[in-house]
Amino acid sequence: MKKSSLLTLLALLLTWTVSIAQGIRVTGTVTSAEDGSSLPGVSIQVKGTTTGTQTDASGSYSISVPSSNSVLVFSFVGLESRELTVGNQTTINVQLSADTRALNEVVVTGFGAQARRNLTGNIAKIEGSSIQGVPVTTFEQALQGRAAGVQITSLNGKLGQGIQMRIRGSSSVTASNEPLYVIDGVPITSNNQGTSTSPQNPLADINFNDIESIEILKDASAAAIYGARASNGVVLLTTKKGKSGKTRFSLGYQMGSSEPTRRREWLNTAEYIELYREAAQNSINAGDLPANYMTSLESRFTRYAAGDRANWEQSLVDNNWEDQAFQKAPMGQLDLSASGGDNKTRFFVSGQYLDQKGILIKNSFKRLSGRVNLDHKANDNLTLGVNLNIARTQNGRLANDNSFSTPLQIVALPPITPVIDPRTNELSGSYTLYYNPLLNRDHSSNITTSYRTLGNLYGEYRFNDWLKFRTEWGADLLSLNEDEYYGKETGRNTGAPNGLGFNSFAQVTNYTTNNFFSLGHTFAEKHDIDGVVGMSFQRSDASYNSVEGREFPSNSYTRIASAARITAGSSTATNYSFLSYFARANYRLADKYLFTFSGRVDGSSRFGENNRYGFFPAVSAGWIISEESFMQSVPSISLLKLRASYGLTGNAEITSISSTGSTFLNNFAARGLYTGGSGYAGTPGQSPSQIENPDLRWEQTAQTDVGIDFGFFAGRLTGEIDYYVKNTRDLLLNVNVPGTTGYRTQLRNIGRLENKGWEFVLNSQNTTGAFQWNTSLNLSGNRNKILDLDGQVITGGFNNRAIEGHPIGVFYEIEYAGVDPQNGDALYYLNNENPDGTFNRNTTNDPNLAQRVVLGNPSPTLIGGITNNFTYKGFELNILFQGQFGNMVYNGGGKFQSANGDFFDNQTRDQLNRWQKPGDITNVPQARLFGANGTSESSRYLQKADFVRLKTLTLGYTLPNSLTSRAKLERVRLYVTGQNLLTFTNYTGWDPEVNADHLAGNIGLGNDFYSAPQARTIIVGVNLGF
Amino acid sequence: MTILSKHTIYSIATRARKGLPLVAALLLLATSCREVLQPEPVDLLVDELVLNEASDVQPVRLGMYNAFRGLGAPMVIAGAFTADFIQHNGTFTVYNELGNKQITAANAAAEAFWGAIYNTVYMANFIEERIGSVPGVSEATRKQILAEARFLRGFAYFLGVYTFGGIPQVTTTDIATNRNIPRASREEILQAILTDYQAALTDIPVAYGDRVTNKTFATKNAVRAALARYYLYQQDWTKAEQFATEVISSNLQSLPAAFADVIFAEYDDETILEVAYANNSSDDPGTSTYGLNNILVGRREVIPSNKVILDFISNAAGERQQTISFNSTQQRGRDNGWTVMKYGSPDDANNNIHIFRLAEMYLIRAEARARLGRLTGSNGAQADINVLRTRAKAPTVTLTSQNQALTVIENERIYELAFEGHRWYDLKRTGRLDAVMSAFSPNWNTKFQLWPIPQSEIQRNKALTGSQNPGY
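Chain order of the listed sequences is P and L.
Take 13 as the starting number for the first sequence in the working numbering and just add one per residue.
Take 7 as the starting number for the second sequence in the working numbering and just add one per residue.
The set of hints was computed from the structure by calculation and includes no laboratory data.
Be aware that one or more of the hints could be misleading.
Stated by the list, open to error - Label pairs and their calculated CB-CB ranges:
#1 112(L) / 858(P): 21 to 27 Å
#2 354(L) / 817(P): 47 to 53 Å
#3 312(L) / 835(P): 34 to 40 Å
#4 55(L) / 601(P): 55 to 61 Å
#5 334(L) / 835(P): 31 to 37 Å
#6 192(L) / 627(P): 51 to 57 Å
#7 925(P) / 316(L): 49 to 55 Å
#8 338(L) / 436(P): 36 to 42 Å
#9 108(L) / 835(P): 32 to 38 Å
#10 354(L) / 436(P): 33 to 39 Å
For glycine and all other residues, C-beta sits at the position ideal for the given N, C-alpha and C.
One chain only, chain L, in its complex shape (with noise of 0.2 Å):
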């Protein structure tokens, strides 16, 4: 049996008698060697090392719009599902609360919602905490990035203050100023989404280049867009139309022609922002509870109301009623067969999601001019609502009186803006979410003006503590 040589048995006892002290003093490790107990992640980046050149500012800036993306679902659902445009289909307790309209603090959406707002924040936080000090940035960017991250956050809170009243108000990263923090009240909210808004109205681009980073990324007609649906919700109505027509006037979205591109395309020339989901990737919502496209089509938790069919199969839909659409087949007991064509799955691609559009514009403007007792005319209200009918090929309105004109606009909402995050918060600004739901559902309560502050929050959240919205 030669396996090892003499000579090499030799050699490895010679070197093992020499290496005895070396050996020895591996014992002595104990101070010298910290550093072999941090290898680094090598999938993942350890938090410190994720902001500090100017290459990583990019990557960042994407991770702080898929935040923001997160956003869009919970939109969705609180404007509509909240409201009377679906009733439950399914199984799942969070639709069927909001379908019955017995929404409770423990309702998972609420808590999704919530959190949505929250990582949009952390995100927009932590570049403006980190970008100044990071090196090799330009003037120009910082200042463009920082008012990416202002519009953002400003949108969320904007969402977060609408949904579910006076919320906290983070300003920092750190875990353990966030993890006890007590709501704000609902005006140091609004004051502060103001702010943002402004400041990022100067610095943010007109435009990014292309048409899918126009439409993906904030631009200031998105700001812009965003300034108007505030002073709107403010009834502010000379602000709301100005920043209305200030997007309008632009001219860089137009209304398409046919309808159905604003439902079945991606990038359609009206959207003002979108939040996008690449097709055929990891990074769609799938079959996610909240993936709008799982919930409307794949497992049809929930379905369109009798009431907003009734809507749309109605003349002055038009074009419009391809929003939602009927199969035979599915109809049987409480499904009345109906579908929303809103949401595409990833293979339709169009599954991404309005946030603001040219035709909210119109409506935004032809309310405020309501508002401001101009109808008719070339500044009046007909107009902009006459705009959307001859787009939708419905037959246009006469408008004779303001409260008819009101009317008019909200239906004319409907038609547009279904199942895009809006009927609930526009029944609430104009103060008629009660009469309206309270004939829709014998389950209203005027307590579902607001959303309940998730359960899980109050009880993982010292300072939210008997902070509760009322009712709950």
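Only chain P is shown next, with the shape it has when bound in the complex (with noise of 0.2 Å):
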């Protein structure tokens, strides 16, 4: 770009405005008649002549007419055209109302919006008033099912936790999976940012009731405004802007309780005693115990009955440990709000009080938030605003699913033993067969809290009817504290005899500046053009610091100053910027033919200096078919469309493994880097610890879609269908390098894979009228292949893999085949491959044996929801169901849990089903005490994980005004919400939305491990309006 040449163009443009600028000029806004929002993308012409222009993202429009009889078209598809003579007005308000023929949504498109009619690329939008009052923590929960082609997964039932999402499967092997996260136009922190490997989630300190609609961009004509962050797809997030009138307040209040959306059963004292009873004889028989091996077995009972033989023995003690890893969960929730404004000033402002406890000991969750949105119209040409969110979230937090202390291990305790040891009257702690996580629950404590602040200001100044410049400043500043204690009763689990001390912080400060024009104008009335050309840059930068701290006096002192000894201590910084210029011109030709192209250059700090700056264009097309002559001959079809669009998009979020095997966004990975931290004899010193690859740059997907929009009945009946192939490449992979070159791997751009997939949605008001029925159904299905890994096998989980050939994270191990009715022995599938390329199903019981071959797919193939929405009067009734099926779970703990009495975990009921004579026919095997049989991970713990969930059921009710109206209110709604309230699954374990937080990430999928299942909240709430 030449600087000479765009001043140019900038003074021609600037003249040009002057020299057009005549005649009587005419301003106003134009409204949707139903419910008084502002429409942007109105067209509005001067009659008879080419002059025309469009409103603007808030629905106002400027436009010179040359007489006072003059008359304005007002067209806007999907609403009926209006016709208005100037006369001796200059300020023109319109309203619009629906033709029902065709969709209106407007559509959040970044750097724009468009009416959905004119969209040739694929955005899912979900309008914030749908999940209101949805009784989760973060936003992304409440978007479950409610999206097509949006997978969203709670990696368990912890508050707060961290949530996986994939937008048409996964695009990346190493580098982050997630989607880039926009927040009225900032890029937000999105990644976990704490020190536990169990990941805390950024987005829950926002408070989704500011939110006017999420916008999805799935497609490459839709993402690839969003070039190199794009390929994950983009979600946008708007918050709601104030309206002029009179100023109205909204106060909310909901209170309600959570439970564990599903328990297990175990053995009680009794089954416990005769299965491992059992289960040792049975080793004494076969010699792998000695003989008088049952003296010490019934002294171990006794230890573990608290040293009372007669709490085994004659079930004194019968303890459901399960019951003791769940609380009582109350939440409560205050919402008040109030927005309006005049013709100059409009505003919108929130606050919100969350306190929301776990179904688990010691988790909860609270969110203080305060929202201020400010738009002041200057004079005709200067519109500035100002959005500004302040949030302090306070999660109580618990370790990771692999922890002994997290509440859910304590299952594994026998029933044997008692919560009060009553010996001591103090907590079992040290004689139990595991730490006691209960005392964690007592004698510890485990805060993060985050500070976040969000904010941005924007200036958009006119420069003429069809030009128009906006700039944006935003910030989104993090900061994160995690404090943590354990008191010397929990040295068992922390080995720290007194006391543990943990502070760590963390500050992300994300900058933000868009600076773009956009442009509109209709010519000779039927060629529609408008377009953005901007750029923008982002800046930023994080630091982190962390101290242990252990031998405190009491437990009184929790803080690292009064500990006697400072064992660990650090702090580290990072930073990335991007540079970034975009485009979009859509041009629409007799409201028929559309067109839309679109780009961005990206340039990034992480990228080599060979490949600084990348280029992601995306084209797409779309054709009304409705509009044209020969289909007003079928007048039940009100929309026909087709669509196509094909584009690139890239992938900036590097990610390393770090020397102690967590993986970490790596913003230098192209850069040859030494490290300080190579001492010798306690000198320090500094080596090099990473190679450079100028070359390293973006992960590339190129996306085809191709889709269908259709309408039928006017209107009544709704929807898409799409198809696309997403491939990816130059995937990022740690390749190895010679060892002669003195380092051993590089990361570069080398592998390829694809997804490919389908979605379907559909929308149908079923009645009308007094009684209204709405449906809407989202379903689609995904497969993630991986093409090229360079022959490298990748591992995550307990046993995914990244396998060439195959889905993303494929649980690859041995073959349960069941027990040998003869012997009670564990048998597996031998599975190596025959000379003809089959494989040999013969048996055997040494699981050394038998081959490791793929078993399933931890990721679904099909994934849907449906939403039927009830009104009646003052009554409506909403209830969403939410599935996903073709997927399985591997659950990592049954081994432990369900291992027919090889140790000493409590076992899983089913376990009783053990084999015990010859010809018995079960799938459990033989109760060996110590004799691993059939405790191999293996497909013995694997199942499939299909559910149907119903996720979402609200009842409302809102007073007839006649009653409100003598409350001095205008609006009172009562209602009811159960989330979570019946999950149909053949899921054996808690729960089948599941993936250990421990292990989660892009090859670690589908693993449950004491995972605590999701929670079944219900709530009662009141809205009210004055």
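Could you use the hints to bring the two separately framed chains together as a complex?
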């Protein structure tokens, strides 16, 4: 780009503005007659001329007309056109009412907005109002089942926990697979900033009652405007704007409580004793235990039973430990907002206080959030405004699923152990089979506090009827403090006999500016052109520090100042920047033929110097067949549109594996680096840590999407069908390099994978009139396949792998073949490959002889959701079912929980079906204490995890006006909402929606490991409007 | 609602209007602001910034020793585990292959050793290439550090050539060159080692200061010790004797009275060079796959072979029997209950690895003298051996013939130097490897005279295609 030529252009534009600004200037806003909302993108023509303009994002317009006789034509697809004579008016505010023949939805597209009718890309839109009041802590959970092609998985039932979102499948093996999140134009920090291996979720800082709409950009045409960060899709959050007029207040309060979606059945004391006596006897008979082992077994029972033989022998103690892991989980949430303003200034302010307890002991979540959104029209040409959100969240957190101290690992304790040791009248501690997590409940704290400021300022200058300039300056400031203390009572778990304290700070500052011109013009009544061109810059700096201390005088001192020994400490920092140029042009011919060209040039500090800038173009076209004259004879078809798009997007979220094995965003992956940590004999030294790769760049996805939008019966039945193919290449892999270079691996762009899928969306107004029944359905299927990993095998989870030719993260393990009816041995298929390519299906009782094979896919092949909404008079009933199919879950805890009495862990009740005598046909092998009979990782612990869930059900009643107006209220609504009320599944674990937090990642998918189930929550609430 | 006063809004508006051209100019950032895309790493240093001024020299030198330290464990693993000292007792494939003499080209220890050699070579080359142009470095410092670099590089190649045979000779830090580099001949590497050692001998200091630095950084005695070992391997008995004598008679090192110090203490009196780990710190090898304490004590992946146990419980070993210890609770199945004690955990404080110590010099000189036919007398092999015997409180020996003397010395090297990375190399240079090892293991194959070039290396370095060692 040459400076001089652009300046010239700018100057030219300004002169032109002056020269055509003559005649009468008319301004105004266009709103919807239905709900008063402003309508962007409305076309305004001076009748009989080529002069025209469009309304901006706030529905305002300004146009010059030759005389007072001029007639303005306001048209917007889906709405009925209106013609108005100017006369002596200079302000003309217009309301357009729905043309029931078509869709009128406006969709935010990133640096603009567009009518859904004119859209050629694929964007899913979720109205903020549809997720308001859903009793979850973070908005992604509320989106489950509401958008086609979007799979959202809560790792477990812990509040504030990280969440995995996959839009049209996984498009990376090592880089991030999470979408880019953008709030009001500012890309925000969305990845885990905590130090625990169970990720926290920075998105939980957002009060989603502030959200007006959520747009999910899925295909290349929609997403390419976000260039190098769009391969995983883009989630645009738009917050609420004030509406001019009387100041409206809205007050909401909801309260309720949660419980686990499911509990499992465990052995009681009598069953436990029976099983383990039998297991020991079997091992004695087999000669694996000495003949007198029964005596040691009984003394072990007595030890676990708090030293009292009668406790186990007479079932005096019969403890269901699982009950101890859960707590009463009340929640309360208060929302207050006000919205209003005049013609010049509009505002929206809101506040929220949420206080929720988790279903697991010690798990809690509190959020205090305030927002001010302000828009001011300084004059006819200049609008400016500010959005500012300040939030504080406080999350009572828990150890990861792999910790003895995480509450649900309590189920491993035998039922013969009492909660309170009668000998001391304190919690059973030192003598239990494993560490007792209740000690953490009483003697530890783990609080993560986050302070979040999200804000942006904007100014928008309108040069003339068809050109304006907008500048946005945004910041996302995140400060996260983890404060942990583990008292001396927890020493068995922490290894610190006199207490352990840990404190960490993370501070992430993230600045963005967007500056762009928007253009819109209609030529010769049938050529509609609009577009944007601009630049954006983002810089993010993060710093982290932590300190650990041990040896506290007592539990009254919990800060490290009181620790006698500082045992660990560190500080690190990182940063990155993006400089980008983007443009988009929409061309609409005769309102029938649609074309969109978009593209972005993204430069990032993350890329190598030979590839610092990437170009991400996309093109799409649409044909609204229903506008053709030959279709006018088919009145039942109100809309028929064909769409196709193709484009390139990138993934710049480059990650590396640290020396400790954890994954981190590597902002300097391209650089040759030295590390200072290479001491020698206690003296500091530096040594090379990373080989440079000046060619390093983004992973690139080429996506093709073809789709049909349709509407029947005057728009009462509408829908979309899409088919897409996403081909990702240049996957970032750690490629081994010859040792002669002095290095082992280098991060290179080398692999390939693909996602293919389809999406189907159907919306139907089943009845109209007093009783309204609407249904919306979305279904989608995705098939992921890894094409090229340069021969590498990348592992994750218990047995997940990325293997060429298979979907990402397939379960690769030996295959369980059931139980030998003759002797109760666990059997496995040999599965070695025969010369003809088939697998040897003979069985063996030696798991080491069995070959590992691909056993299943952790990602669903079909996901969907169906919402039914009924309204009658003041009543409304909203029911959302959500489901996913075709995926499997591996229970890594199975080898302990369901191990036919292999060790002393309490067992699931199904283990009572163990093989006992020759001829028994069962799937549970003979009980053998220490016998490892069937306890190898194998498909024994792999299950289909298809499920359908009654996700959200809301029954509401809005009091009639006659009643409310007497109380000087505009609106009173009472409602009751249930979340996760019913789950239909054959999965026998706690919950089929699971991914053990310490293993969750790109490859680590579909694992269960003492992971808490989701919460079933029931709340009652009230909304008051005044 | 007056969150912003009218005045504020007005001033923002004016500023916005005035600022508009400025904002528009932001669009033109394209060429002028390239640096906005180059924020520098904060925790880590970009390589071009690493060695630019005098104060950078020390940390880079320490980084070189850090890399050199990585050679310690592989040296011990190759020297002891390839030979008849150990049996496999764990689950790791890498040690199963070494223990059962079924070493394959995919063996991870071979890859680790190879990597450690070239990490050291890279750092030495890096210093050699850069140090001349770093301003402010005194000539003395420059010479000294270059000497250290050349010595460490020479030693890395010494281990490389006797482990793998002729290996690629890397002379630059240029990645592209080093990616595609063929094997050099054994003779070329040996010559390069000698050149490096000789150059180092001139400029390297006799001492650095305190006890720790004198024993953990390369001194003149370390270079002499390396040359003594070099000439021993070359069967140049005169030179071997000469350099061993130079070390011994320098009196800078002395044999501690108790052999236990050799096993359990750090920086003991007789150490000429040991690679050092700080205690209780993050730079400890800890539980890594190649951490010696982890392999030998923590996991007991390998345990002493019955053969070496018999050697140690013989009278001739004396106090050196403490090299291994027995614990009856560990004895079951294939586990004989014995453990190698030379490498402690971080908390034990003896996790350093000896590279050269005085006892080896006595043994080199004894062997050289025996080869030269001088068995007894003050210049004879017997005296040197008995120095060690006496220290170990073991009976002294009387040498009667050259053959008997060589057998005594071979055994003496077991008692004295077991698990310090010598046995396999010793048997190779004396030509007794196949005879000894065939008796020890039915799987022995003469191809184990050399370790395989790591398979991964052949796959990644095109110039190595087809040049695997024989038999792999």
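Against the structure, the hints:
1. 112(L) / 858(P): 21 to 27 Å: 24 Å, holds
2. 354(L) / 817(P): 47 to 53 Å: For residue 354(L) and residue 817(P) the Cβ distance comes to about 49 Å; the hint holds.
3. 312(L) / 835(P): 34 to 40 Å: 37 Å, holds
4. 55(L) / 601(P): 55 to 61 Å: Distance hint for residue 55(L), residue 601(P) holds at roughly 57 Å.
5. 334(L) / 835(P): 31 to 37 Å: 35 Å, holds
6. 192(L) / 627(P): 51 to 57 Å: Because 52 Å falls inside the window, the suggested range holds.
7. 925(P) / 316(L): 49 to 55 Å: Given a distance of about 54 Å, which is inside 49 to 55 Å, the answer is holds.
8. 338(L) / 436(P): 36 to 42 Å: About 37 Å separates the Cβ atoms of residue 338(L) and residue 436(P), which means 36 to 42 Å holds.
9. 108(L) / 835(P): 32 to 38 Å: 33 Å, holds
10. 354(L) / 436(P): 33 to 39 Å: Since residue 354(L) and residue 436(P) have Cβ atoms about 36 Å apart, the given range 33 to 39 Å holds.
The earlier numbered hints are all upheld by this structure, with none contradicted.
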